[in-house]
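Peer 1: Each chain, written out:
Protein chains: 2
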Amino acid sequence: MELEFLGTSAGSPAKSRNVSSLALKLLEEINEIWLFDVGEGTQHQILRTTIKPRKITKIFITHLHGDHLFGLPGFLSSRSFQGADQNEPLLIFGPRGIIDFVKVSLRVSQTKLSYPIKFIEIEHDGLIYENSRFKVYAAHLDHRIECFGYRIVEKDYPGELLVDKLKADKIPSGPLYGQLKAGKVVVLPDGRRVDGHNYLGSPRQGRVITILGDTRQTAAIDQLAENANVLVHESTFGKGEAKLARNYYHSTCLQAAKVAKRAHVDQLLLTHISARYIGIQVFQLEKDASQIFKNTKVVKDFDCYVIPFPTRKVGQIK
Amino acid sequence: MELEFLGTSAGSPAKSRNVSSLALKLLEEINEIWLFDVGEGTQHQILRTTIKPRKITKIFITHLHGDHLFGLPGFLSSRSFQGADQNEPLLIFGPRGIIDFVKVSLRVSQTKLSYPIKFIEIEHDGLIYENSRFKVYAAHLDHRIECFGYRIVEKDYPGELLVDKLKADKIPSGPLYGQLKAGKVVVLPDGRRVDGHNYLGSPRQGRVITILGDTRQTAAIDQLAENANVLVHESTFGKGEAKLARNYYHSTCLQAAKVAKRAHVDQLLLTHISARYIGIQVFQLEKDASQIFKNTKVVKDFDCYVIPFPTRKVGQIK
Ligand SMILES: [Zn+2]
Ligand SMILES: [Zn+2]
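Listed in order, the protein sequences are those of chains A and B.
Residue numbers for the first sequence follow UniProt numbering, so the first one is 1 and each next one is one higher.
Residue numbers for the second sequence follow UniProt numbering, so the first one is 1 and each next one is one higher.
The set of hints was computed from the structure by calculation and includes no laboratory data.
Some hints here could point you the wrong way.
Mimicking SDA-like on lysine to any residue, the simulated pairs with C-alpha atoms at most 20 Å apart in a straight line are [to be verified]:
(1) A:K103 - B:V104
(2) A:K112 - B:G11
(3) A:K103 - B:R107
All chains, full assembly: derive it from the sequences and hints.
Peer 2: Below, the structure written as structure tokens:
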């Protein structure tokens, strides 16, 4: 599990930062990549990475401002030429309006995609997607336009089967080991009833990634971020600019750091960096936020972050 | 007058070529820049040039395929932040459907531009724009989707006033020189009637630029290109691929060169280069075309071509 930032600027592209896009690489887990926002030029950025567009199976749009959206039609077209699975629909999640934009773009350009798209326009906060390994929750943030934050929850890995303990208890190996591993109760040939749960190690806790769209400070952020392993938070403004941030429906680096602290996240990644900040000033954003929450980084385009498994045990309060 | 290529690839962006866009810089003539096509990432390309988006006053779209269009909403938004004249409408010329695409893009993204747009959806071949210095003609080409070629005609410069000849004929200087320069007939204080036309040098012929969208070979190309100083022609296919080109509604480098020869143009610039051609193969396209029409160049992104005044006299057949 890895995050690769494809665009980290606020509003307009700059020479060194493209507009928003972020890839969540789940290649080891489910051989898929999920994209969060598709600003103009995202397909160009992807050309400079090892990401294969056909591996991108789901796209989550936080909001429909151009710097998060206008790369979508071009990406969809290019993916069509690059061997996308013609039977597997690409899922696109986003606010109301996303269908309109994509359909008109494809219609006027007479683009016929080689694969189907399934749109999910999000209406209510809560669970928006689930498969055998992941759940995704969305919640409304507070931006000038309808905007969502996403919480991606990896399901816990079941505990390993404790083979040594099984052998010690003289439970014969064979197909029933599979049933025990699945946590079932099994009756042995000698009449003993054995509960699989007694022969499983502790489950390994799944990871939680929180990816927010542009937002003012609002209660939903804390809920989305609670105990996340990584929180990706916008940082359009710096220290001392809370009023400006509020007026423009954005956040400061300090506000993001306070969320990280309150929500007990492991790592804070600050993105959506204004062109007003260059060089040493970007470092200053990070430094200021770090005073409040130590494990903070301001990201750059093409930065990759591997998401480690949490070291704490299940249920343990950090 | 200068052409600056912002994107020269066919279909999809490549690492070294972006999708189509071409700037016609008329800074010395009218302090304006005109853009022909706006593929995705055009605003990013502009960041790497000296072009100021607010100087771009007119946009001509050849056709609505994504690689010629999808950068338009992002460009319009960014131009809004970059001091565009709030009273001067930006003119956008293109095929039917362009209004729909731009309006939906701006609506869903809730983008409020700081300047007005005037759309001109082209319906018929012929003159589509005229000001005191230029005329622009459009004609339908033959592509899979409605597609136009443009012919930009600079009006002739009036001849210089021949001051030495006026003095030799003892015509007194003063405000009447202005009238003579405008070609009027003036009555002198001594009663002589003087025709300004007799005291003007030869007019300087304006230049002609022909910029085509994607196209199969068709008669309109020759009409648009006739006697042009520069012909910008697509070259999606190479020598020996005429059949492929026809099937895909494109042209070969040889077909473009034949047009240049037949239409007596001064210079041929080949663009819309497929990613199948790299390195030496690109040079081969140029070499093959040059066998038919010598003054041929395959262009690259950021290539600039100054358009010289024609050396031939008005009315002279090349
Ligand atoms: Zn934004
Ligand atoms: Zn094209």
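Peer 1: For the pair supplied as a hint, K112 (chain A) and G11 (chain B), confirm whether the alpha-carbon distance does not exceed 20 Å.
Peer 2: holds (14 Å)
Peer 1: Does the structure keep K103 (chain A) and V104 (chain B) at a Cα separation of 20 Å or less?
Peer 2: The given pair, whose Cα atoms are some 10 Å apart, holds under the 20 Å limit.
Peer 1: Are the Cα positions of K103 (chain A) and R107 (chain B) separated by 20 Å at most?
Peer 2: holds (14 Å)
Hint check: no violations occur; every hint is consistent with the structure.
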